[in-house]
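Undergrad: Below, each chain spelled out in residue letters.
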Amino acid sequence: MKFGNLVIAGLVTGSIYAVFAVCVAVWYRVSNILNLAVGDFAMVGALGVDNLYRVKGLPLWAAIVTTLAVVGVFSYLYDQVVLRIALDGRRQMEGIVVTFFFTFALSFFIDGVAKMLFGTDVHAAPALWNGASLSWGSLHLERAGLLVLVCAVIIGGAFWVYIRYTLGGKAMEASGENAIGARIAGIDTRRYRRLIFVGTAVIAAIFGIVESPITGYTYLSGATISLTGFLAAAYGGFRKPGRALVAGLAIGVLEALLGGYVSAEYGDTVLYAILAALVLAWPRGLGFESAVTQ
Amino acid sequence: MTAASAEEGDGRGRVALAVSGLSVSYGNVVAVHDATFQVAEGDACAITGPNGNGKSSILMGITGMVRRRGAVEIFGAPAPNGDVRWAARKGLTLVPERRQLYPDLSATDNIILGCYSWTRSMGKARRSDSFGRAVDLFPELKPHLKQAAGTLSGGQQQMVAIARGLAADPKILAVDEPCLGLAETVARRVYDVLARIHDSGTTLIVVEEAPKRALTLCNRRVEVRNGVASGVAGAA
Chain A
4 MKFGNLVIAG LVTGSIYAVF AVCVAVWYRV SNILNLAVGD FAMVGALGVD NLYRVKGLPL
64 WAAIVTTLAV VGVFSYLYDQ VVLRIALDGR RQMEGIVVTF FFTFALSFFI DGVAKMLFGT
124 DVHAAPALWN GASLSWGSLH LERAGLLVLV CAVIIGGAFW VYIRYTLGGK AMEASGENAI
184 GARIAGIDTR RYRRLIFVGT AVIAAIFGIV ESPITGYTYL SGATISLTGF LAAAYGGFRK
244 PGRALVAGLA IGVLEALLGG YVSAEYGDTV LYAILAALVL AWPRGLGFES AVTQ
Chain B
64 MTAASAEEGD GRGRVALAVS GLSVSYGNVV AVHDATFQVA EGDACAITGP NGNGKSSILM
124 GITGMVRRRG AVEIFGAPAP NGDVRWAARK GLTLVPERRQ LYPDLSATDN IILGCYSWTR
184 SMGKARRSDS FGRAVDLFPE LKPHLKQAAG TLSGGQQQMV AIARGLAADP KILAVDEPCL
244 GLAETVARRV YDVLARIHDS GTTLIVVEEA PKRALTLCNR RVEVRNGVAS GVAGAA
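Taken in sequence, the protein lines are chains A and B.
Numbering-wise (my numbering), the first sequence opens with residue 4 and increments by one.
Numbering-wise (my numbering), the second sequence opens with residue 64 and increments by one.
Chain A extracted, bound-state conformation:
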């Protein structure tokens, strides 16, 4: 049952990619900015809880609540200060600076602070659900992996319901589609930008806490997570959270299968070669053309 176990492992990894891809895509949908710092919030979640619990000796629940509160407040302030000056001020900035620069700089900033606070070693938040891995015959799934899957389904589902079935979700979409048109309808576009930015930062932090027992984090892990989420989001044209979710899962499974059957060492190289080839062969189907023209 090597295949089955590889698929399960791939789904767990893929659901991580998927969640970050959805976070990137949803915020891009509302703000037209790519959040390259989303993985860093996950890193802060994992290492923050570890630090408060293991080093500072706080109870686990207090460590989690404190970490999430810090992430929430920090992302709120970042929006209120930096993004507000850049986007809402008298001299509004446009183009590639806005699309990439601010969140890219934020990512470096968070990494630097994390290095000072948490050091350079690999750490992880304590496992939330201890015990032997779950087994059905020859199939195995670690408890932390199941937790990651459940979280991914809840988060993905919540976003789907929000966008598809609520007026607020539609207003959020409208904000990114046409800011002037949104204001005409009385929609406060800045509020949605802030709401989703803070929301995805906290979601990323939660995910970091749940997922870190599987992989372990260093202060540099955020960039890798952001990049994979970014890649999966690109397969949804950055604008389609549903597609980003599927792409994230597919990349995870593909990665696990390549690692298992082709080469553990060169699996990633082959994976990225396949992904690049897919884009060249089928740009429209993957949403790449619209990503460029929009």
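What the hints contain is simulated information worked out from the structure, not anything from laboratory work.
Computed from a predicted model, the values in this text were never measured in an experiment.
Misleading hints may appear alongside valid ones.
Claimed, not checked - Per label pair, the in silico range of CB-to-CB distance: (1) B:Gly264 to A:Val76: 44 to 52 Å; (2) B:Glu203 to A:Val153: 43 to 51 Å; (3) B:Gly186 to A:Ala130: 36 to 44 Å; (4) A:Gly245 to B:Leu243: 30 to 38 Å; (5) A:Thr218 to B:Glu203: 54 to 62 Å; (6) A:Gly75 to B:Ala246: 49 to 57 Å.
For each residue, glycine too, the CB sits at the ideal point set by N, CA and C.
Dock chain B against the given chain A, drawing on the hints supplied.
TA: Leaving out everything else, chain B in the frame of chain A:
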């Protein structure tokens, strides 16, 4: 702001919209200078004048889409500067130039977002009279309601934009260049609909470059030249 304003509006009803000393500028460029006029409830008022003379800026300033100087009252209540939502709640809704739809959202979603000014509930919006009426007014949109708005024809998009405006349940509907780039037959259809909206009791303000078409519908006219507005009463 003037006390005599009620008499000026045809004597037909209370003043729906009172604008006094309205100025709008973009940086150093003054688009509207010191515009003063009133629109009575039930009026259909045309704002006419050549392109680039500040007609649209008047509507943008009144609805709060851009910052303005001067006073705007909607049914007697002074409008806060730059608050579109407040204006929409008081009953003034804008159907903007070039429509400003959400191209990737369906026509239905575009229209239902008009309800956002008075509710946050999808269920309430869907069941509301204003949404139902807005959709019913355009039977030709029925087969296209699930289509992305960006893929509709210009005329259909204009109808979606008007329907979105109606979903906000306006007492005053301000329509900016509704026929820009439309074929003559479609333009006539748009004006038919505007006439029906007016007949149902909604106060209309229509910005038009071509006064001829606007004056088939409107009983009042404000002429704008070089950013200066002058009221021409009883132009029907």
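Undergrad: Are the hints correct? Go through all of them and say.
TA: Hint check:
1. Checking the proposed 44 to 52 Å range against Gly264 (chain B) and Val76 (chain A) shows it holds: the Cβ atoms sit about 50 Å from each other.
2. One distance hint, 43 to 51 Å for the beta-carbon pair Glu203 (chain B) and Val153 (chain A), holds here, with the actual separation near 47 Å.
3. For Gly186 (chain B) paired with Ala130 (chain A), a C-beta distance near 42 Å keeps the hint of 36 to 44 Å intact.
4. For the pair Gly245 (chain A) and Leu243 (chain B), the supplied restraint of 30 to 38 Å holds, since their beta-carbon distance comes to about 35 Å.
5. The supplied range of 54 to 62 Å is met by Thr218 (chain A) and Glu203 (chain B), whose beta-carbon atoms lie about 56 Å from each other.
6. Distance hint check: the CB atoms of Gly75 (chain A) and Ala246 (chain B) are about 53 Å apart, consistent with the given range 49 to 57 Å.
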